[in-house]
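Number of protein chains: 2
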Amino acid sequence: MELLKEKIRDTALLLDGGIVKVDMFLNHQLDTALLYEMGKEFRKLFPSDKITKILTAEASGIAIAAVAGLLFNVPVVFAKKGNPKNICKDAYTADVYSYTKQESKQIRVSKEYLSASDHVLILDDFLANGQAVKGLLEIVKQSGASLEGIGIAIEKGFQEGGKLIRDMGIRLESLAIIEEIKDGEIVFR
Amino acid sequence: MELLKEKIRDTALLLDGGIVKVDMFLNHQLDTALLYEMGKEFRKLFPSDKITKILTAEASGIAIAAVAGLLFNVPVVFAKKGNPKNICKDAYTADVYSYTKQESKQIRVSKEYLSASDHVLILDDFLANGQAVKGLLEIVKQSGASLEGIGIAIEKGFQEGGKLIRDMGIRLESLAIIEEIKDGEIVFR
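Just so you know, the sequences run in chain order R and A.
Going by my numbering, the first residue of the first sequence is number 1, and it counts up by one from there.
Going by my numbering, the first residue of the second sequence is number 1, and it counts up by one from there.
Note that the list lumps identical chains together, so a pair holds whenever it fits in one copy or between two copies.
In silico lysine-lysine, DSS-like type, Cα no more than 30 Å apart, as pairs: (1) Lys163 / Lys134; (2) Lys81 / Lys7; (3) Lys81 / Lys111; (4) Lys21 / Lys105; (5) Lys182 / Lys111; (6) Lys101 / Lys89; (7) Lys21 / Lys111; (8) Lys101 / Lys21; (9) Lys134 / Lys81; (10) Lys7 / Lys40; (11) Lys50 / Lys40.
Simulated from the structure, these hints should not be mistaken for lab results.
All figures in this text were calculated on a predicted structure; none of them were measured in a lab.
Turn these sequences into a full structure, and let the hints steer you where they fit.
Laid out in structure tokens, this is it:
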């Protein structure tokens, strides 16, 4: 998606360890017009009318999923992190290791909001090593729902997540794939 | 807002300690069509063209703010919680005590995304004791931005947050105000 690539080129900060910081439009400030265009793009890539639910993870996937949910005309479910006292006990759970925060956290989705009759599209902001998506896949599996595919805003093609998921035979569509970071410049696939 | 009140009446779970759980459409699963109607309602309540930015807090305010941002045609900034290593150091900060989680957390907004030239509308999902909103107000104050008002989805009228903010002379609009919970039934103001 050219508009997204331009925005990444113009505003992303490149930090040590291959971290691509897109706080300017996606992870701290939200460019809502761009979110809308991204939602339209996901709808084009996944036109199936079978999709009943969009699944994402708290917190960084919520904005993308909420706006896409409008365009798909389906509810969004976001997996919650941690275990605060007023989260429902009857939940699908998975452990997700965050390399950024260097800790493992449980994500959970209440069984009320995902079931075997659902057709699920997973959306998320980033795909790097694939830990978050693997957690969401585990939750879909536990629910018995059908997976319609995975949509990602920004894939880091130089990390293993994309290959890992495509090798599982899952349809994965990323709006922008960063092939490498060379001499401080982003090269897209 | 009648549609929101109906949804609360039909789906909210009432827990001990005055907790109103709206996971069905707002805090775990998102009713995206309702979010859109709520965004339209906020736009009607705050029609000013001076608004340059919507400010909310991670994670529960993001969905409301993102969809409203589309309708206001402005960027959204969400305050981040905690202090992970890749959050910008140069930030406005405030401490917020959560009665639900029984802990105090710092919220922060990078100075890049809020400045004295901004006109800010604060949006959030819940107003109870007002701790989260007070934190956001502190951040707006530090930035020197002008506050255009505060929009809340669900205000708990039986807790002190609403009075506290209105007594400060701030324009506060809540789409649904729960006056009390009587014999297990919600009574709206």
